[in-house]
Amino acid sequence: MIDVSHISKRFGSMTALDDISLTVPRGSVLGLLGHNGAGKTTLVSILSTLSRPTSGRARVAGLDVVTRGEQVRRLIGLTGQYAAVDETLPGRHNLILIARLLGATRAEAAARADELLALFDLTDAGHRNAKNYSGGMRRRLDLAASLVGRPEVIFLDEPTTGLDPAARRQLWEIVERLVKDGTTVLLTTQYLEEADYLADSITVLAAGRIIASGTAAELKERVGRRSVSVTLRRAEDRARTVEALRRAALAPSHEEDGLLLTIPVADSTDVAVVVRAVDEAGTDIAGLAFSEPTLDDVYMALNHPTTTDSEAGTSS
Amino acid sequence: MSIATERPNPPEADPAAAAGPPRERQRFSGSGPLRQIQVLSGRSLRALREPALVLPGVLEPILMLTVFSQVFRSVSQAQSFPAGVSYIDYLLPAFLITSAVSAGLKSGVALTTELNNGIISRFKSMPIHTGTILIGRSVADTVLNAVNMVVMLVAGALVFGFDPEGGILGSLGALLVAVVLGWSLGWVFMALSAWLRKPEAMQPVGGMVNMVLLFASNAFVPTDGLPSWLRAFAEVNPMSHAITAARSLALGEPRPGTVLMTLGICTVMVAVIAPLAIRNFRKAS
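Heads up: the protein sequence lines correspond to chains G and U, in order.
Residues in the first sequence are numbered consecutively from 1, following my numbering.
Residues in the second sequence are numbered consecutively from 1001, following my numbering.
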């Protein structure tokens, strides 16, 4: 559905994208993972016909984004980093406006707006001006606006950056629903966890280059930095707890005299194993947490510097 | 992160409602440029239903009118001032023109703001003509400008004793010149905005252009009283022509040549600058 072939983009002497090739099959989700300045937004702008590549070709639904931009725009929806809605208008009017521009009659536009407001849990807020919306509501309205025309392909550029966990979760569920309907999604994110949750495959971008791609599982395999951390209440419990964990085939580590035990695990089901071992040892604990690898862990595992802003700073 | 990274149960809602069935998506038919201009200009005008956004635009010229008519009243005693003309009759037609410049500047600043808040990117990613985004704004701002000017004329007549020789017809003629000038300057400032992109760059540059156009002209005082270098500029300043044209109509001594030249210059300006603005705007992202 999306086919990118050797795309490069230069701004003056700065290379924002360097020979990018990727494909996204119909109905699947590609997670484009990278820090600010990695080139994510630049790629999304090219695919959504907002800017032209310096070299290379890209096609959406078989249509070249440069020569057949007009037709491409009929098939896509774009949700950018900033909630792109008219803040001076009520939420409902924003959606009606988009529908009218797409050729809907007044009645069709109103019906579609109400349908989307209901779906996005915004019916009650529909008549309020968008500038009075919370961050999460605004993002939802923004996403709703890009779905008015029932697009085949959706570009989500950091859709949850700056959202609280509940709002993020709500947006994820909406994206999942879209995918179930057969929509193809290209999602950019700085959160490995988000790409893991939503994406069928992940491409990691750094300084305009692809440094890794594969499924979330493959990527995590390479990173392998999931762990459970257990905080003890009393130092005298430590030896006993470590021993119990070792019996459970785990390899806890701790700083000398520290109360914090770090236990690398394969996946989150191992949390239960840790809990059982701790329980068996009869240890009184102050805290227990499971941590997923982060984007920084990915960069580190791929032996890539984490700060790339000096090399490619214009993606956003 | 906590343990909460497990997937929750998939939502139960009917997925078909979100984006239509997977294969046959019900799609809207697309719209023509006229519909796009109508919808987009309607958007800009609707946003101005909020009194907080409309009042300053109306009050500012009235406030300035008050200040200027009181502060500069003595100018009408100067030798170079046309005899038998009251200062308000002399000032108000010029004021229509100066508020046309401010209105044009506002179009440009508003456009830079929207270029940066993402709404323009949304429009540009849709199957509509890029030019209609600018044309829609131009139409809306021109309508708004005309309404503001009617308010000024009415306030001038009721409060400040504006009662020129040219009567209602002459005043409306002056208003027409001002509206046409505002329309063309709107395009100039939108072109500037598409080129500068950032509101913080647009505001000072626009402000400087605005100030030079306004004060180096015959808007507030006759050019005869200016130092020679400033007079030379004031006399080639297109603003001066527009003001002379508007004034001549309001004061009942129409100068068809100047009026036609002003309208002609404005139309040529739009014909040249609008395509440039649209081209620049298309590239900006």
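By construction, these hints were calculated from the structure, which means they are not laboratory data.
Only a predicted model underlies this, so the values are computations on that prediction, with no experimental measurement involved.
Please note that the accuracy of each hint is not assured.
What the hints assert, rightly or not - In silico DSS-like cross-links for lysine-lysine, where the CA-CA straight-line distance does not exceed 27 angstroms:
#1 U:1283 with G:180
#2 U:1198 with U:1106
#3 U:1283 with U:1198
#4 U:1283 with U:1106
#5 G:180 with U:1198
What the hints assert, rightly or not - Stretch by stretch, here's where chain U covers chain G in the computed footprint (C-beta under 8 angstroms, at least three residues):
#6 89 to 102
#7 143 to 149
#8 251 to 260
As the list claims (entries may be wrong) - Which chain U residues stay away from chain G? Per the calculated CB distances, all over 12 angstroms, these:
#9 1028
#10 1126
#11 1276
Note that CB positions come from ideal geometry on N, CA and C, so glycine has one too.
To see whether the hints hold, each was checked on the structure:
no.: 1; hint: U:1283 with G:180; in the structure: 35 angstroms, violated
no.: 2; hint: U:1198 with U:1106; in the structure: 14 angstroms, holds
no.: 3; hint: U:1283 with U:1198; in the structure: 14 angstroms, holds
no.: 4; hint: U:1283 with U:1106; in the structure: 22 angstroms, holds
no.: 5; hint: G:180 with U:1198; in the structure: 40 angstroms, violated
no.: 6; hint: 89 to 102; in the structure: holds (count 8)
no.: 7; hint: 143 to 149; in the structure: holds (count 4)
no.: 8; hint: 251 to 260; in the structure: violated (count 0)
no.: 9; hint: 1028; in the structure: 4 angstroms, violated
no.: 10; hint: 1126; in the structure: 6 angstroms, violated
no.: 11; hint: 1276; in the structure: 19 angstroms, holds
Of the numbered hints listed earlier, those contradicted by the structure are 1, 5, 8, 9, 10.
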